Amino acid sequence: MTVTRFAPSPTGYMHIGNLRTALYSFLIAKHDGGKFILRIEDTDRERLVEGATDIIKSTLAVTGLHYDEGPDVGGEHGPYVQSERKEIYMEYAKKLVDMGAAYYCFCTKERLEKLHEDDAVGGYDRHCRNLSKEEVEKNLRAGIPFVIRQKMPLEGVTSYKDEVFGEISMNNSELQDQILMKADGYPTYNFCHVIDDHLMGVTHVVRGSEYLTSTPKYVLLYDAFGWERPVYVHLPLLMGKNADGSVSKLSKRHGAVSFQDLVKDGYLPEAITNYIALLGWCPKQSETEFFDLEGLKAAFTIDGVSKSPAVFDFEKLLWFNSEYIHKLTDSDFTERVTPFITSEIPESINREKMLALLKTRISTLSEINSKMAFFLSLPEYEKELFLNKKNKISDFEIVKTVLTEAKSVLSSVEYFDNDTLFASLMPIAEKLAIKTGTLMWCIRIAVSGMAATPGGATEIMEVIGKCESLARIDKALGMLA
RNA sequence: GGCUCGUUGGUCAAGCGGUUAAGACAUCAGCCUCUCACGCUGAAAACAUGGGUUCGAUUCCCGUACGAGUCACCA
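All residue numbers for the first sequence refer to the working numbering, where the first residue is 247 and numbers rise by one.
If you're looking for bench data, these hints aren't it; they were derived computationally from the structure. Hints may contain errors.
Claimed, not checked - Think about it this way: if two alpha-carbon atoms lie no more than 20 Å apart in a straight line, the pair counts; the simulated PhoX-like pairs of lysine-lysine are:
| no. | residue 1 | residue 2 |
| --- | --- | --- |
| 1 | 397 | 379 |
| 2 | 303 | 281 |
| 3 | 653 | 629 |
| 4 | 530 | 553 |
| 5 | 341 | 379 |
| 6 | 712 | 599 |
| 7 | 487 | 553 |
| 8 | 340 | 379 |
| 9 | 281 | 530 |
On a predicted model such as this, the values are computed, not experimentally measured, just so you know.
Generate the whole structure from the sequences, applying the supplied hints.
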């Protein structure tokens, strides 16, 4: 059975790149009916951020990335938080030392820093690699702080196969004797993820391609323990476009890059998921780009994952989002957009009609406020706005005539719904021998005060009602007098 | 700098030795229309570069350029 995991470290918000990794990891498992595990990698005690784990969990929940095993839900391989598994790592590290694949290192931070500054050395000089057993015992007994390092082969080549990138080989001489256990007793990522992945039965390791070149070290660990190596699936990076046109790893300076920021800006979780699924992956033979989670599960295969980094395109996300908003039923839309509405909507407004009109014209939920403002109060406008070349309105006389006629017709209309209004108003066009467009242009400007509006004149009047419509027409007439 | 990886229109991308090199977003034009939006139609727009291999390379190999990642008691 395919078992994958998402193993974030709780250091803050949920980056969109992380979410994509979680998504792909989830999909790879679910495509095969496998298991998806959430594991919290909190071994860096200094970067730990309060509440970060909750953000991770809630993000996975709203995007539908439900995990079969993990904190809260449990499972047979728990605990799923690394800080609660501390003893396990030391045990395995010591095993490695006994096998001669790792060693104690008593070098001080100061010494390491000095090595670091000296470019000629190029990393750790393996000073403690050949300490005698007696020396190690003595240091241990003396309570000298230590770390445990992996003993890399000095020559030869280590290779592994990645499902996306193919065969990757590194000269062992390139490999540092990396730290497995830190002086504070916590393991490093380099060590504990291997232990956990093995213990938890993870079959496919899915993660960003920044791990491509360190994976040989992990593979060596599996080999040392005599464990079966997992299938590696490294994902292309997500990039952002800089102001000067260059690209770099997607980060805050490119805009809202955390899931919650995007949601706060009015993006729908399902639109975000759909869009990021397509960044670095393409379905084999598909006519559509629209996928819900079920569709993704069915369509997702690793051979559709690309190798080259993808630039995150906010324009396209925006398009996906507007498409998803348009597809919402009116009641779903109302439910989801309401929390974004910041101003009071008066009773006189036909709220339902207004939202229906706006639904197909906004791209993010937060746009609702600016788009609906003119319904609530008439914006200031110049009378020149009535002039319109296409509708052959070159002077104010015709505007005045139209509005005067409209006012008298409207006064006797009882039900202000779109169809009735349209039917009542049309005779004016006939009477004055003008086009529908000309007639409606004058009225629409009067009731909206804007050149471009969501919906036509009659739809707008349906929303604001008889009283307000007539008041706005009166105001226009006053301006023109 | 060493190592690893990548390079098809502005962006996401299909292609997997022979194609008029798909499609989507964005852009532009036209149509539709009670303005806008939607929708429809169309346009412009790409195989980084130099060598091979081959009857034939976007596709395979090598070099170059450019880009990215990585070289932590971070993950």
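Note to self: Of all the hints numbered above, which does this structure not satisfy? Sort the numbers upward.
What the structure shows: 9
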